[in-house]
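Participant: What follows is the residue order along each chain.
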Amino acid sequence: MTEVMDPIIRVEELHKSFGDLHVLRGINTHISRSEVVCIIGASGSGKSTLLRCINLLEVPTSGRIYIEGVELMEHKNQINQLRQKVGMVFQQFNLFPHMTVLDNITLAPLQVLKMPKEEAVARAQELLKRVGLLDKQDQYPSRLSGGQKQRVAIARALAMRPDIMLFDEPTSALDPEMVGEVLQVMKDLAKEGMTMAIVTHEMGFAREVADRVLFMDEGVIAEDATPAELFGSPKTERARDFLAKVL
Amino acid sequence: MNLLYGLTDAIYSNLIREDRFMLLVRGLGTTLQITFFALILGIAIGVVISIMRIVNVKWLNAIAKLYLDVIRGTPAVVQLVIIYYAILGSVTLPKVLVASVAFAINSGAYVSELIRGGILAVDRGQMEAARSLGLSWTQAMSRVILPQAAKNILPALMNEAISLLKETAIAGYIALDDLTRSGNIIRSRTFDPYTPFLLVAIVYLYTTTILTSLVNRVERRMRASD
Chain H
235 MTEVMDPIIR VEELHKSFGD LHVLRGINTH ISRSEVVCII GASGSGKSTL
285 LRCINLLEVP TSGRIYIEGV ELMEHKNQIN QLRQKVGMVF QQFNLFPHMT
335 VLDNITLAPL QVLKMPKEEA VARAQELLKR VGLLDKQDQY PSRLSGGQKQ
385 RVAIARALAM RPDIMLFDEP TSALDPEMVG EVLQVMKDLA KEGMTMAIVT
435 HEMGFAREVA DRVLFMDEGV IAEDATPAEL FGSPKTERAR DFLAKVL
Chain F
9 MNLLYGLTDA IYSNLIREDR FMLLVRGLGT TLQITFFALI LGIAIGVVIS
59 IMRIVNVKWL NAIAKLYLDV IRGTPAVVQL VIIYYAILGS VTLPKVLVAS
109 VAFAINSGAY VSELIRGGIL AVDRGQMEAA RSLGLSWTQA MSRVILPQAA
159 KNILPALMNE AISLLKETAI AGYIALDDLT RSGNIIRSRT FDPYTPFLLV
209 AIVYLYTTTI LTSLVNRVER RMRASD
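For the record, the sequence lines run as chains H and F. Per the working numbering, the very first residue in the first sequence carries number 235; after that it's consecutive. Per the working numbering, the very first residue in the second sequence carries number 9; after that it's consecutive.
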């Protein structure tokens with residue numbers, strides 16, 4: 235129980251504006267160890283911005299973000315170390331096109347952790363085996379399908395042994411027949427106890443895998459509940475409307 | 009018959025007599041040297057200036073912008089003369105070096121804009137992905153962004169080399185015997201204004217044609233690797 239008391243991520247009164255656009259209007263939440271949290275809501279509700287603030291890809295306008303108790307904004311000079319604890323998977327994969335699959339995965343361990351080459355390669359191969367792409371290690375990303383690219387991107391993030399993985403609409407850019415393979419990798423991760431925050435439109439996945447679902451609306455967390463509660467009996471009108479449209 | 013006689017006579021007096029063709033050969037050598045060193049140094053300047061324009065530091069942006077405005081707003085020949093007499097004239101340096109530096113300072117401005125364009129053309133997500141993995145800005149730039157930008161830039165950079173080769177024709181203003189000035193020296197000895205400069209033009213054209221075919225080959229190879 236002590237672990238539940240000690241969240242990996244804590245967000246307090248987080249605000250983010252882009253010029254006049256007030257995207258996040260006071261977010262308060264936390265993510266505990268081994269918890270899988272899905273973030274749902276209409277586009278423009280601030281889901282992706284929240285995720286991007288958590289590893290400072292967007293600099294918050296105000297508020298506090300704690301990663302394992304360390305406040306981000308007060309420790310900007312340590313941002314590279316703090317980011318190592320947080321893996322990020324993007325909608326557009328963002329693999330490095332000029333590197334092979336193996337080099338994509340070993341880059342950060344070699345450069346940032348100064349891991350010996352053999353160890354980095356061995357670890358990368360182990361991760362590739364886990365996502366079922368060991369045979370693609372010498373290919374360039376342009377030769378992979380969307381689903382394969384995203385699985386490599388997940389392996390690349392895992393290579394830094396993060397304490398939490400953030401997924402920003404990981405299946406939204408995929409052809410429908412490739413969504414399943416990526417979700418399967420994510421399910422396996424969840425089963426292994428990885429802490430995950432996932433912005434997604436895959437309601438079936440959220441219902442099946444999430445411990446908690448956050449429903450975001452107009453820059454605030456309108457509902458924070460278990461999947462059964464949120465999908466079964468949403469409390470707010472907006473959540474009911476949203477779910478009626480997407481389910 | 010008269011025309012043929014006139015032609016052989018012109019060739020003889022402009023090229024053969026007193027080994028005048030050697031003037032053109034040495035002139036071409038000088039032109040190629042200046043072009044080569046100015047290009048290398050210009051690329052170095054271009055990388056620095058383009059990064060100064062991209063980083064989020066106001067005074068660095070301002071210095072880079074000032075440099076670009078001054079260089080692009082004044083003729084290269086004026087810059088060359090100023091750098092030769094005013095800045096480097098006080099110390100004795102080889103003229104080829106002075107000219108290379110002057111042309112590099114000039115070319116660097118144009119190269120920096122090419123590089124900046126090449127960097128900005130790399131998808132934003134690449135920097136984000138690199139940073140999210142814990143790489144520093146410098147590591148992300150050197151390992152992820154610049155290698156991709158280089159591929160965007162290379163063909164344009166080779167075209168810049170070709171224009172630079174032609175622009176060095178003003179090196180004669182600081183009494184440097186490049187290809188163009190060598191033609192002028194021959195003219196002053198033979199009093200024939202046409203033949204020396206026709207020969208000079210042919211040598212330039214031949215050199216740029218070789219470089220252009222090189223650019224085309226590189227471009228083809230890059231398209232193939234996409």
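Honestly, the hints are just simulated from the structure, not real lab data. Check before you lean on any hint, since a few could be wrong.
Here are the computed lysine-lysine pairs in the BS3-like style, where the Cα-Cα straight-line distance is at most 30 Å [what the hints assert, rightly or not]: (1) H:370 with H:421; (2) H:348 with H:363; (3) H:425 with H:370; (4) H:351 with F:174; (5) H:348 with F:159; (6) H:363 with H:310; (7) H:363 with H:425; (8) H:310 with F:103; (9) H:370 with H:310; (10) H:348 with H:319; (11) F:73 with H:370; (12) F:174 with H:310.
Participant: If you test the structure against every hint from before, which numbers come out violated?
Facilitator: Violated hints: 4, 6, 8, 9, 11, 12; rest satisfied.
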